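Chains A and B, in that order, give the protein sequences. Quick note on the numbering used here: the first sequence kicks off at 1347 and runs consecutively. Quick note on the numbering used here: the second sequence kicks off at 58 and runs consecutively.
Everything labelled a hint here was simulated from the structure, so no lab data went into it. Please read these numbers as outputs of a predicted model, since none were measured by experiment. For every residue, glycine included, the Cβ atom is placed at its ideal position computed from N, Cα and C. Treat each hint with caution, since some may be false.
[Claimed, not checked] Stretches of chain B that chain A covers, calculated by requiring three or more beta carbons in the stretch to come under 8 Å of a beta carbon on chain A: (1) 76-90; (2) 96-109.
[Stated by the list, open to error] The calculated DSS-like cross-link candidates involving lysine-lysine, where the alpha carbons are at most 25 Å apart (straight line), are: (3) B:Lys-110 x B:Lys-125; (4) A:Lys-1403 x A:Lys-1416; (5) A:Lys-1416 x A:Lys-1399; (6) B:Lys-110 x A:Lys-1399; (7) A:Lys-1403 x B:Lys-151; (8) B:Lys-163 x B:Lys-151; (9) A:Lys-1357 x A:Lys-1403; (10) B:Lys-151 x A:Lys-1416; (11) B:Lys-125 x B:Lys-163.
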Amino acid sequence: DAGITQSPRHKVTETGTPVTLRCHQTENHRYMYWYRQDPGHGLRLIHYSYGVKDTDKGEVSDGYSVSRSKTEDFLLTLESATSSQTSVYFCAISELTGAGAYGYTFGSGTRLTVV
Amino acid sequence: KNEVEQSPQNLTAQEGEFITINCSYSVGISALHWLQQHPGGGIVSLFMLSSGKKKHGRLIATINIQEKHSSLHITASHPRDSAVYICAVTGIGKLVFGAGTILRVKS
């Protein structure tokens, strides 16, 4: 979707190295999310943000940190990558719609391999 | 028990067939979402429903709030419809996802 981009699209990194994934939006949406998608587990929430410098943990936050210094950017950092963090990572944005519910837009995903 | 259950898990259809994917949920919701993911691809939002029925091209989504059930229908299916279809709900807080339905449409 044109309003949300993730970078990089693919990355291979070594165990123990730090990795940062970037999510950039042009929609000025308040809420941003990081998910990971793994076979047999579906989509799981890592961290989310409800405003600049306002973030909170999701269900699988161990080993991950996030930062949001600007409305448009939400960064996900793996402080010391492990093989269990090999996954596809999706960013999403949401905002309240006129229908009174939150609509979501997803990024194209980042495929991360930790070797 | 998962809060969002989808059926079937896997579905193979012949081109042209009418397809139905079902989603049941056990929590109060403000909206239900149908998402599509092609192999190796991103996630696209197809519909957001809070009541009734929506149609977009060959896709139709319905929701019954009282029965806590939604269906996604694909008319005149085509091989390009082959994808994973994910049901997700929003209640108080964040999205809760179903496990997804893997659809394969053969030509």
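Here is what the structure says about each hint:
1. With a cut-off of 8 Å between beta carbons, the stretch 76-90 of chain B has 3 residues touching chain A; three or more are needed, and the interface restraint holds.
2. With a cut-off of 8 Å between beta carbons, the stretch 96-109 of chain B has 7 residues touching chain A; three or more are needed, and the interface restraint holds.
3. For the proposed pair Lys-110 (chain B) and Lys-125 (chain B), the alpha carbon gap of about 14 Å is at most 25 Å, so the pair holds.
4. Only pairs whose Cα atoms come within 25 Å are accepted, and Lys-1403 (chain A) paired with Lys-1416 (chain A) is accepted, the gap being roughly 19 Å.
5. Pair hint Lys-1416 (chain A) plus Lys-1399 (chain A) holds up; C-alpha atoms about 8 Å apart against a cutoff of 25 Å.
6. For the hint pairing Lys-110 (chain B) with Lys-1399 (chain A), the CA-to-CA distance comes to about 38 Å; that exceeds 25 Å, so the pair is violated.
7. Distance hint between Lys-1403 (chain A) and Lys-151 (chain B) is fulfilled; the C-alpha atoms sit about 12 Å from each other, no more than 25 Å.
8. At most 25 Å may separate the alpha-carbon atoms for a hinted pair to count; Lys-163 (chain B) and Lys-151 (chain B) exceed this at roughly 35 Å.
9. For the proposed pair Lys-1357 (chain A) and Lys-1403 (chain A), the alpha carbon gap of about 24 Å is at most 25 Å, so the pair holds.
10. Taking the CA atoms of Lys-151 (chain B) and Lys-1416 (chain A), the gap is near 22 Å; set against the 25 Å cutoff, the hint holds.
11. A hinted pair counts as satisfied when its Cα atoms are at most 25 Å apart, and Lys-125 (chain B) with Lys-163 (chain B) does not qualify at roughly 31 Å.
Checked against the numbered hints above, the structure violates hints 6, 8, 11; every other hint is satisfied.
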